[in-house]
Amino acid sequence: MIRLQNIEKVYRTDTIQTLALNSINLDIEKGEFLSIMGPSGCGKSTLLNIMGLLDAPSKGSITIDSQDTASYSDKQLARFRNKKLGFIFQSYHLINDLQVLDNVELPLLYRDTTAKERRALATEALEKVGLSNRIKHFPTQLSGGQRQRVAIARAIVGKPEIILADEPTGNLDSAMGNEIMDILLQLNRTDGTTIVMVTHDQYMAQKTHRLVRLFDGSQVQ
Amino acid sequence: MFKHLFKLIWNKKKQNFLLITEILVSFMVIFAVFTLIVNYYQNYRQPMGLDYERVWVINYQNRVEIKDRDSLKTYYDNLLRKISSMPYVQEASFASSNVPFSANTHMNGVDYKKIHVNSVNYYEAGDTYHKVLNMQVTEGRWFSRVDDAGKVKPIVINNSLRKELFGTGKAIGEQTGGKDSKRVVVGVVEDVKAKGDYQKAGTAMYERVDTSASGGRGRILLKVAPSADAAFESRVYKVMANDPMNSGIEIEHLADKRVSINKTTLVPMIILLIIAGFLVVNVALGLFGVLWYNISKRKGEIGLRRAVGASGASVSGQLVAESMILATLALIVGAFFAVQFPILNVFDLRASVYIIAILLSVMFIYLLVLVCALYPGRQAAAIYPAVALHEE
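In the order they appear, the protein sequences are chains A and B. Yeah, the first sequence ends on 231 if you go by our numbering, and it's all consecutive. Yeah, the second sequence ends on 575 if you go by our numbering, and it's all consecutive.
Be a bit skeptical, because a hint or two may be false.
Unchecked claim - In silico PhoX-like links for lysine-lysine, alpha-carbon gap of 20 Å or less:
1) A:Lys-94 / A:Lys-169
2) B:Lys-480 / B:Lys-265
3) B:Lys-314 / B:Lys-296
4) B:Lys-365 / B:Lys-353
5) B:Lys-353 / B:Lys-296
6) A:Lys-126 / B:Lys-186
7) A:Lys-126 / B:Lys-190
8) B:Lys-195 / B:Lys-482
9) B:Lys-190 / B:Lys-480
10) B:Lys-256 / B:Lys-190
11) B:Lys-195 / A:Lys-146
12) B:Lys-196 / B:Lys-297
13) B:Lys-190 / A:Lys-146
14) B:Lys-186 / A:Lys-146
15) B:Lys-256 / B:Lys-196
16) B:Lys-195 / B:Lys-480
17) B:Lys-196 / A:Lys-146
If you are wondering where the hints come from, they were derived from the structure by calculation, not from laboratory data.
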């Protein structure tokens, strides 16, 4: 489903050059739940951003669903992300000025869908994460766990084949973290969604199919 | 998408209130400026209604008291004859002090049956006044000696007054005024923009100068030949000044008076334009700053939108569209106040002036907001999504 070949990422400034990722080779199968672990600054999020086409590698190639995205224009990349990928972030990245339902509908705004369709799909996604009773609430009126569930609903509303989660339980206590993890596992099992999750939590990582460890930008496991 | 953006703006109404108010105030100022410009432009496009080139105005004061009306009339008739017979003088006529392009204004009300017209410009004019100024008589005739024998005083009115009093009906021979102020309309002339190129002609009536009553009205208008020069002007001055009846002689050129009166209209306009210009620059900088600040404050949201499928162009488009919606909200309120001007006829201007000014102001504000939003929008589009997501 996702193939990374010799991925290298170098950050350059006028005076310094930092190697964030070094020769990463990774094959992720369709329906796999993969976790990426490593100490802070080892390049986990950079790798996830590259997989999510939010950042471009300095070297190497990415193939997602047999499509080489290297030559894609900004518009094509945006469309590809919208159709194929769903994102979950540690800090939720909800828009506080929009109600829960509007937040969840957000990816569908960039598709050719009617307001009625968007509403139905968003309601369905919120039901999946157990938040159908909170659609009129604003994010600031929700707990951390609820916010992350809204973010998951937003990630799955467009029925993407891949979900990229950057420390989705990082800001939550263990009980809420487990709740979120259960939802992700459920999505992986029942919908066959491919999930790549960056985490610091060994316990959460053990629940996934495979664990990849990074250290100083290199893959060590 | 529009509904989504509207929701976003509505939910942030407190933050957007000041920006909307700023745009609203700008709209009202721009509306005032455009109203003046459109009004002046529409007036400017109207024909002047007279020839001002080579027309001189002799100002004089009658310093000798003559009680005998016939003597007074004879004296002033002779004076005009003397002036008219001078070389280079093509036409000469007595006039009241409110000659074209002067600052003096005389106004009267006029009644006709049940119609009352207020603020009608009132001029006293001699029998050749229309010839001096090359005014076009469209109906009837100008004053002449025939009127000496008339029982009712004759008047000539302009087209605007004719429309207000008689509409499409007959004007010549109709009598205006009450029992003691009866006048008969003997002629109709084209409108004359007596207050310069930028002021409307308005309604006007001309009454025959009665030299027997007051010895003229202090002004003589001369139409002179193209070759009339300063030496001739000096001769005219001497003829007037050497006469013991006259004092305070001054000769002006109508062309110069026109330039001067146009300045009295244009100078305040230019000052207003400069003030409005500063305001517009201020508003533009304010808008630009607010939009720029919004981008840095909303980097996380921009990154998120990019992640879930927005291209750089659609992010840029969104920010521009948000600004345009804010402008629209301000313009709806502004237009509501602006349309009251033609409805309530606040400044006695044509409704078309206000409507054109509203349209121009709306276009101007949209253009201003668009220009101010374009660059910040482009900057937002250039933000790399990974960087934007990382920064929140």
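Going down the list of hints, with the structure as the test:
Straight-line distance between C-alpha atoms of A:Lys-94 and A:Lys-169 comes to about 8 Å, which keeps the hinted pair within the 20 Å bound. The suggested pairing of B:Lys-480 with B:Lys-265 is violated, with an alpha-carbon distance near 85 Å, which exceeds 20 Å. Only pairs whose Cα atoms come within 20 Å are accepted, and B:Lys-314 paired with B:Lys-296 is rejected, the gap being roughly 32 Å. For the hint linking B:Lys-365 to B:Lys-353, the alpha-carbon distance of about 17 Å falls within 20 Å, and the restraint holds.
Between B:Lys-353 and B:Lys-296 the alpha-carbon distance is near 14 Å, which keeps this suggested pair within the 20 Å criterion. A threshold of 20 Å between alpha carbons decides the hint, and for A:Lys-126 with B:Lys-186 the separation of about 13 Å falls inside it, so the pair holds. Annotation: proposed proximity of A:Lys-126 to B:Lys-190 holds, straight-line Cα distance about 16 Å (limit 20 Å). A threshold of 20 Å between alpha carbons decides the hint, and for B:Lys-195 with B:Lys-482 the separation of about 17 Å falls inside it, so the pair holds.
Proposed proximity of B:Lys-190 and B:Lys-480 is supported: the alpha carbons are some 19 Å apart, at most 20 Å. For a cut-off of 20 Å, the pair hint linking B:Lys-256 to B:Lys-190 is broken: about 82 Å separates their Cα positions. Only pairs whose Cα atoms come within 20 Å are accepted, and B:Lys-195 paired with A:Lys-146 is accepted, the gap being roughly 16 Å. Restraint check for B:Lys-196 and B:Lys-297: the C-alpha separation of about 55 Å exceeds 20 Å, so the hint is violated.
Of the pairs offered as hints, the one joining B:Lys-190 and A:Lys-146 holds, with about 13 Å between alpha carbons and a cut-off of 20 Å not exceeded. Pair hint B:Lys-186 plus A:Lys-146 holds up; C-alpha atoms about 16 Å apart against a cutoff of 20 Å. For the suggested pair B:Lys-256 and B:Lys-196, the alpha carbons sit about 77 Å apart, so the restraint of at most 20 Å is broken. Our distance criterion of 20 Å between C-alpha atoms is met by B:Lys-195 and B:Lys-480, whose separation comes to about 14 Å.
For a cut-off of 20 Å, the pair hint linking B:Lys-196 to A:Lys-146 stands: about 18 Å separates their Cα positions.
Hint check: violations occur at hints 2, 3, 10, 12 and 15; the rest are consistent with the structure.
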